[in-house]
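Protein sequences appear in the order of chains S and A.
When we follow this note's numbering, the leftmost residue of the first sequence carries the number 4, and every step to the right adds one.
When we follow this note's numbering, the leftmost residue of the second sequence carries the number 2, and every step to the right adds one.
Some hints could be false.
[As the list claims (entries may be wrong)] Restricting the straight-line Cα-Cα distance to at most 25 Å, the calculated cross-link-like pairs of lysine to any residue (SDA-like) are:
hint	chain 1	residue 1	chain 2	residue 2
1	A	K14	S	D224
2	A	K144	S	T103
3	S	K189	A	T26
4	A	K12	S	I178
5	S	K107	A	I49
6	A	K144	S	F82
I should point out that these hints are in silico values taken from the structure, not numbers from a laboratory.
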Amino acid sequence: MNVEFPIVTGYFERKDRSYILGEGSSNAVEVDHDFIDKIPLKKPLDGVFGHSSEGDNVFAFNYGPSTGGFMESLDLKIFTYGERILSVEAFPDFKRRDITLKGKSLRDAFFIIERFNGFHSFSYSTLFSRAIESIENISPSPEDTGTRIILLETERIISHIYKAARLCDAASQNIASYWLLSLREKLLRILGEVAGHRYLFGVNRIGGLNRRIDVEKLRKDVESVVQEFRVIMKGLYSARIFIDRLENTCITDAKNTRGPALRAAGRSFDYRTLDPYYGDMDFKPITERDGDSLARFLVFTAEVDASLDIIKNTKSVSMEDVSKDPKSDFPIYSVETPSGDAQLTLKLESGVIADAYLRTPSMLNLDAFCSGIKGNVKTDVPFAFESFGIWISEIGGIQ
Amino acid sequence: MRIWPVDSMRKGKVTTKFPKKPNETISPWSTLPEKIGDGDVECPTSAIENGQVSMEKCISCGACMTSFKPSLKTDNYRVINNTKGLKRSLKVFIIDSGTCGACNTELHAIANPYYDSSRLGIFLTNTPKQADAIAIMGVYTPKMEGPLLAAINAMARPGIVILFGACALSGGIIGKGLEDIVTPDLIIGGCPPDPFVILEALQKARGGKI
Numbered sequence: 004m005n006v007e008f009p010i011v012t013g014y015f016e017r018k019d020r021s022y023i024l025g026e027g028s029s030n031a032v033e034v035d036h037d038f039i040d041k042i043p044l045k046k047p048l049d050g051v052f053g054h055s056s057e058g059d060n061v062f063a064f065n066y067g068p069s070t071g072g073f074m075e076s077l078d079l080k081i082f083t084y085g086e087r088i089l090s091v092e093a094f095p096d097f098k099r100r101d102i103t104l105k106g107k108s109l110r111d112a113f114f115i116i117e118r119f120n121g122f123h124s125f126s127y128s129t130l131f132s133r134a135i136e137s138i139e140n141i142s143p144s145p146e147d148t149g150t151r152i153i154l155l156e157t158e159r160i161i162s163h164i165y166k167a168a169r170l171c172d173a174a175s176q177n178i179a180s181y182w183l184l185s186l187r188e189k190l191l192r193i194l195g196e197v198a199g200h201r202y203l204f205g206v207n208r209i210g211g212l213n214r215r216i217d218v219e220k221l222r223k224d225v226e227s228v229v230q231e232f233r234v235i236m237k238g239l240y241s242a243r244i245f246i247d248r249l250e251n252t253c254i255t256d257a258k259n260t261r262g263p264a265l266r267a268a269g270r271s272f273d274y275r276t277l278d279p280y281y282g283d284m285d286f287k288p289i290t291e292r293d294g295d296s297l298a299r300f301l302v303f304t305a306e307v308d309a310s311l312d313i314i315k316n317t318k319s320v321s322m323e324d325v326s327k328d329p330k331s332d333f334p335i336y337s338v339e340t341p342s343g344d345a346q347l348t349l350k351l352e353s354g355v356i357a358d359a360y361l362r363t364p365s366m367l368n369l370d371a372f373c374s375g376i377k378g379n380v381k382t383d384v385p386f387a388f389e390s391f392g393i394w395i396s397e398i399g400g401i402q
Numbered sequence: 002m003r004i005w006p007v008d009s010m011r012k013g014k015v016t017t018k019f020p021k022k023p024n025e026t027i028s029p030w031s032t033l034p035e036k037i038g039d040g041d042v043e044c045p046t047s048a049i050e051n052g053q054v055s056m057e058k059c060i061s062c063g064a065c066m067t068s069f070k071p072s073l074k075t076d077n078y079r080v081i082n083n084t085k086g087l088k089r090s091l092k093v094f095i096i097d098s099g100t101c102g103a104c105n106t107e108l109h110a111i112a113n114p115y116y117d118s119s120r121l122g123i124f125l126t127n128t129p130k131q132a133d134a135i136a137i138m139g140v141y142t143p144k145m146e147g148p149l150l151a152a153i154n155a156m157a158r159p160g161i162v163i164l165f166g167a168c169a170l171s172g173g174i175i176g177k178g179l180e181d182i183v184t185p186d187l188i189i190g191g192c193p194p195d196p197f198v199i200l201e202a203l204q205k206a207r208g209g210k211i
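Modelling step: build the complete structure from the supplied sequences, incorporating the hints.
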């Protein structure tokens, strides 16, 4: 079968058959082998981010793999003849952890997924738990489901605050950067207090939550942090030097990005609008039009307020619709992580993982960065990179 | 127009007085669990032996919570070689061999206003040439072996080699550790280690008072 998807977001091959994942789709669709070669994003989905350049006096300026500029190990080859960037080739495989889920028990696979991207660990552990709960027809309690939403949104707020801090740091807005880092620390301490772990390790489990969370305290504390966040944003939105550095930097279109970067390019897609967890909420994706670093900054900072609204309005969520999740050869389970939607297919056999494929937002966003940075100058690299919220740990390596 | 320095001064001081005074907080399950009962526990990394939890193997999952509770102590580290001559200033270079990202951000957290490691003379640096300590984190990955050994060789002496977090110490539940590749002077347990634990461990390893 051959199908046309608006955007193909992933693909995998099993037993001489090829399957693709579409944006927001709930099932992987079998396609002809030839179709796979025509997928525009095939290279980044394979972990290849090649954008080399040639010409008179062009040389590759090597940045990485271990530098203070990036949080994780990443090697960039910046093709240039001086200051202007002709293209950027990225090599994220220096820290490639070849993680095998196949043959693992559900418990071990859960702990591995929880530590796949520690910064967004609750998003990934929720994704995995929900997949298993759907396959095994397990319904978490309405209270646990509600608390999961609150923790997912708290993780999103922490991630967005951190991105804003890194952007301010790159733009030499040091006071704003340290202030934002102190807000992040405040939230991590709150999580440590109410959930027992700053990164929410061990909180989730298949079928619900391991720990009772003081949701009222969490709500109150998150609200006070977001109020302070608004004060900082008010200052940054009017800081001409800061705005100038982000405006027109690393412009991307909506074809090859996920998450806030996608919405900043004008595409109104947020998996939360399709997610049964967020079913009854009046939630609208936040969008901008320009697709530059400033637009991405405006989107993810506005999403902090949107997440707070969700946290304030979530009580308990009945998940009777779990059993309505689609059944097919390869159903797709999704979650909107702070960096964009992640999609997982999973098969179980005799209580162990028989097959898995995970497509993460950073796989596509790294390529969007490499494409968008062309024509900018080398000093733009940090603003551009940090505005995407890319995590190298979630690029490649899951089998 | 916002005047940032004025705003930041209005906010007041948030920095801890640790280690002169006790830590105000800690991430409970990042500390080493201690036994409270005799129930059967299935540890995913076999970190429990004879009622003791190995700091090298514990991944802070809390699967042992029926018989163990977090110790809430800041002693989840071991100094193997004391290094003298670094009491005034210690510059730390970070190498990510194969992390999930949590160890990276926790080590960077010691520079945020709540911990302000610079008041203790501890700074993060961007090059191993200027470093007095190298913190290596994450599981073993073949392509990072060369860069991390090159960084250790490039570091000035005296220097401290740190294996940081459960993944680097034993591989955790993800892969293989770095204990066969690197001879550490300091090991710090936790998944990820709490910033207070990191501060105390760095102070101890350079011969400072706690």
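Here's how the hints hold up against the structure:
1. A:K14 with S:D224: holds (19 Å)
2. A:K144 with S:T103: OK: K144 (chain A) and T103 (chain S) at ~18 Å, within 25 Å.
3. S:K189 with A:T26: With Cα atoms ~11 Å apart, K189 (chain S) and T26 (chain A) stay inside 25 Å; holds.
4. A:K12 with S:I178: holds (12 Å)
5. S:K107 with A:I49: Holds - the C-alpha atoms of I49 (chain A) and K107 (chain S) are around 21 Å apart, at most 25 Å.
6. A:K144 with S:F82: Holds, at about 22 Å.
In terms of the numbered hints stated before, the structure departs from none.
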